Amino acid sequence: MLRALLVVGLVVAVVLGLAWAYQRRLIYFPVGRPPPAASVIEGAREVVLSTGDGLRLGAWYVPGRGGAGETAVLVANGNAGERSLRAPLADALARRGLAVLLFDYRGYGGNPGTPSEQGLALDVRAAHRYLVEEAGFGPDRLVYYGESLGAAVVTELAAHSPPRGLVLRSPFTDLAAVGRYHYPYLPVRMLLRDRYPLTTHLAKVRRPVIVVYGTADSVVPAAQSRAVAESVPGATAVAIPGADHNDLALLDGPEIVEAVVKLAGS
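In this text, residue positions in the sequence shown follow the numbering used here: the first is 210, and each later residue adds one.
Because the hints were derived from the structure by calculation, they are not lab data.
Some hints here could point you the wrong way.
As the list claims (entries may be wrong) - With beta-carbon atoms standing in for the labels, derived distance ranges:
| id | residue 1 | residue 2 | range |
| --- | --- | --- | --- |
| 1 | Arg265 | Pro396 | 34 to 40 Å |
| 2 | Gly347 | Pro450 | 14 to 20 Å |
| 3 | Arg274 | Lys471 | 16 to 22 Å |
Computed from a predicted model, the values in this text were never measured in an experiment.
Heads up, the beta-carbon is just placed ideally off N, CA and C, and yes, glycines get one too.
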């Protein structure tokens, strides 16, 4: 009996150790490299972002077309792919007169470094700094758009550098809540290295917030996105019936575009 318990304990320890060591491979999926900006979006140009810890990150700046160009949108990606996957959204927003900055986190899109919660916070600050110092947009002329994991990234930024408004697409309350949903048999909250406490940071934000989510989301449960919206007095929740996490409706659908345009004009 004692031997059996020791074997079970050893197996559990090994599993937990592997979960600790390799968990970031289950969180971050830096797949692919972007093509040249101009080949994907009209008028887009390659720019370089400099992070506080000395990394140089690739990004695309897309000027607004057919409008005054008074507002810029900082787009923070989700946990997979690279910036060209967000090109249809950037193009749609540029056609509505909004400037857009697409960028890849460290370790993504051919960028140096390894992704982590602390690292992504530095990366989004580099993006913010570019829009303010290089592109010349004041903080009250910036809209932050965060997709899934990126929603947590821009919310943390908003708690320190408030924007004009915040659009959160498929946000989770915190990363541990998503982990428990997908891995109910593991002590996720105890093991998690990167936590992304979105609602904790959102409580410090005093700007308009719109939450957009799909009712059939299989990655971030719709209930979590609704909980994010309900945590903010006056926030607007936009539910897209039947939409899953990576459906086109949640990538560059009209509800997404209109949410950003609404905050840009508010």
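Verification of the supplied hints:
1. Arg265 <-> Pro396: 34 to 40 Å: Holds, since Arg265 and Pro396 (Cβ atoms, about 38 Å apart) stay within the stated range.
2. Gly347 <-> Pro450: 14 to 20 Å: violated (37 Å)
3. Arg274 <-> Lys471: 16 to 22 Å: Since Arg274 and Lys471 have Cβ atoms about 19 Å apart, the given range 16 to 22 Å holds.
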